Amino acid sequence: METFLTALPLVFDPYVLMVIVLSGLFGLFMGAIPGLSATMATALLVPVTFFMAPVPALAAIVTATAMAIFAGDLPGALLRIPGTPASAAYTDEAFALTRKGKAELALGTGLAAAVIGGLFGSAVLMFTAPMLAQVAKNFSSVEYFWLACLGLTCAAFISGSDPVKGAISLLLGLLIATIGLDPMSGQARFTFGSVELMGGISFIPAMIGMFALAEVLRAVTATTPPPEVPQVAIGNVFRGLGGVLSRYRKNLMRGSLIGAAVGALPGAGSDIAAWISYAVSKKFSREPEKFGTGHVEGLVDAGASNNAALGGTWVPALVFGIPGDSITAIVIGVLYLKGMNPGPTVFLQQPELIYAIFITFILANILLLPLGFMAIKTSKQLLRIHRMVLMPVILLFCMVGTFAINNTVFGIGILLVLGLIAYLMEEHGFPIAPAILGLVLGPLLEDSFMTTMIKNDGNPLGFFERPIAAVLGLVTIAIWFSAFRTRRKRAPA
Amino acid sequence: MKVSDAISGAVFLLLAAAVFWFTKDFRHMPGQNYGASFFPRTIATCMAGLGLLLVIRGLRSGGPWAVPFDWLRSPRHVANFALVVAVLVLYILFSDWLGFPIAGFAALLVLLLWLRGPAHWLQALVVSAVCVVGMQAFFGEVLRVPLPWGLLQSVAW
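As you go down the protein sequences, you meet chains D and S in turn. Going by the working numbering, the letters in the first sequence line up with residues 1 to 493, in that order. Going by the working numbering, the letters in the second sequence line up with residues 1001 to 1157, in that order.
Any given hint could be a false lead.
Said to hold, decoys possible - Restraint-style ranges between C-beta atoms, simulated for each label pair:
{"hint": "1", "chain 1": "S", "residue 1": "Ala1018", "chain 2": "D", "residue 2": "Phe464", "range": "31 to 37 Å"}
{"hint": "2", "chain 1": "D", "residue 1": "Val417", "chain 2": "S", "residue 2": "Thr1042", "range": "21 to 27 Å"}
{"hint": "3", "chain 1": "S", "residue 1": "Phe1094", "chain 2": "D", "residue 2": "Ala53", "range": "32 to 38 Å"}
{"hint": "4", "chain 1": "D", "residue 1": "Pro227", "chain 2": "S", "residue 2": "Val1130", "range": "41 to 47 Å"}
{"hint": "5", "chain 1": "S", "residue 1": "Cys1046", "chain 2": "D", "residue 2": "Ser161", "range": "19 to 25 Å"}
{"hint": "6", "chain 1": "D", "residue 1": "Val135", "chain 2": "S", "residue 2": "Thr1042", "range": "39 to 45 Å"}
{"hint": "7", "chain 1": "D", "residue 1": "Pro14", "chain 2": "S", "residue 2": "Val1155", "range": "51 to 57 Å"}
Hints in this document: simulated from the structure, not taken from any laboratory. Note that the coordinates shown come from a computational prediction; the quantities given were computed from them, not determined experimentally. Each residue gets a CB set at the ideal place from its N, CA and C atoms; glycine is no exception.
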């Protein structure tokens, strides 16, 4: 409680509050435009947060992502295109409601469910993270090695439809992370005589390239024209909402619970939470036949779920430094930049910062109500902004943001190369998120791996000598085998 | 060009081989029989295995070796792609000399005129000017990023 009180003034500071409101507006904008995701919003925010103190920097990311996940519902309901992947699960349902002339009900439900789910996710984060941190205090390099492996494994296998490609993407990220001076021996690796590569591939240009430039390239090569914004009037967003929320209050709780739990799993985030919740909602509904025809029930579940997942994904990120999804992979990179090395020690050494993050989560989700309402009201204007005007502006922002990190154009080179690689990879069905996770976790993985090797004199059995490590290790290896076995069974050879 | 799994798998196999080649001269740590090459080589071994799996899968599925991306058939879209890459390369080469205001404005204007169409030239001019001034003010002044002024050094704020 005392820490909570010391954390309050850190957040309720005029500068931090201003950052929260501005990043909230930015997040709504990014989420509402199809093709710009919450991940991209985070990627573009990072060069700006680079110059901020830890609390406003993290507050900006928390707020922008919470807003973006909700705002993804807007084009979903109005254009049948999910604004972010997290809204994809129920886009058809929301659009069907719009076609029935109930756009305001779809959007109002989405907003209310997002606020409630988001608050629930925040509560889960507040209560579970400090408890888990107590457990994690006893971990040594072996446990961290296996936790990193487990997180990366889940990310590789869950994020794409093909575990082999997910795993290759992850390995590529790990390999990129080894570029530069080896911290153990001082050996220069894969630098090819370049002084700039000695410091390694900076995570920020790499991430902006892989998430933002690749998206710009996809947009300028899209051969299908953007859809027309329909001329629907959006009436009173809150009309009939009370009835929906009280009728489906169980769905709200269930969606929130599933969201927070799925989010907390390494490798799964809001997108998967929404898909699962929507499916569960349909399965246990009294009127499953109405699903897909413009029925609001699934929206309640999934809309709460994807925002609840956001809080959940921060649990493993803060406690173990293991990202739950691509957004928290970026967050972990930011935490390291801010000197708040994620893990149990940060809960002991800087608890007020952790509590400030919790408070921001609650604040952001409360703020979602007025800002989200405003976004719904202006959504038609927002969606009318031409994509070909937006993309060049985003590109210039990427270039300036990348330059801002090291003050050299070398970063823009990294942006370009990795952006092209990411574009090609995605076109060939290789997911990008595992590569970013690999890039972020690579140094930790190598460090814990080499430390354990040296401690055990090069004996690989050392990775299984401590009980928790042995369990984590066996689980990880079991996932590896099961993922490839199911794949082989599924693939008609 | 969208290539088959067999080819993309082969690319990763080659990459893994390159890792082995470029780590061959790394020294071991004193008193240990492994060193800086150990971790990259472990990754490369896994990558080679998975690459091989992709090659086998690609060969078995027997699809075409390569299919061009849809947009490669449209010269307009090819030009879009090339222009984005060219703008980045030119910006890397000349932004220091030209300075951010000129290079940024030119980059944005060219992209807008081409992507949105020359009919919207006024919009392109306004958007480019507002964005460059805004970014210079925000990054250069608020965040104190030393964006180069280049040719406009004499009028720098």
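Consistency of the hints with the structure:
At about 32 Å, the CB distance of S/Ala1018 to D/Phe464 agrees with the hint of 31 to 37 Å. The supplied range of 21 to 27 Å is met by D/Val417 and S/Thr1042, whose beta-carbon atoms lie about 24 Å from each other. Checking the proposed 32 to 38 Å range against S/Phe1094 and D/Ala53 shows it holds: the Cβ atoms sit about 35 Å from each other. Distance hint check: the CB atoms of D/Pro227 and S/Val1130 are about 27 Å apart, inconsistent with the given range 41 to 47 Å.
Checked against the given bound of 19 to 25 Å, the beta carbons of S/Cys1046 and D/Ser161, roughly 20 Å apart, stay inside it. Distance hint check: the CB atoms of D/Val135 and S/Thr1042 are about 29 Å apart, inconsistent with the given range 39 to 45 Å. Checking the proposed 51 to 57 Å range against D/Pro14 and S/Val1155 shows it is violated: the Cβ atoms sit about 34 Å from each other.
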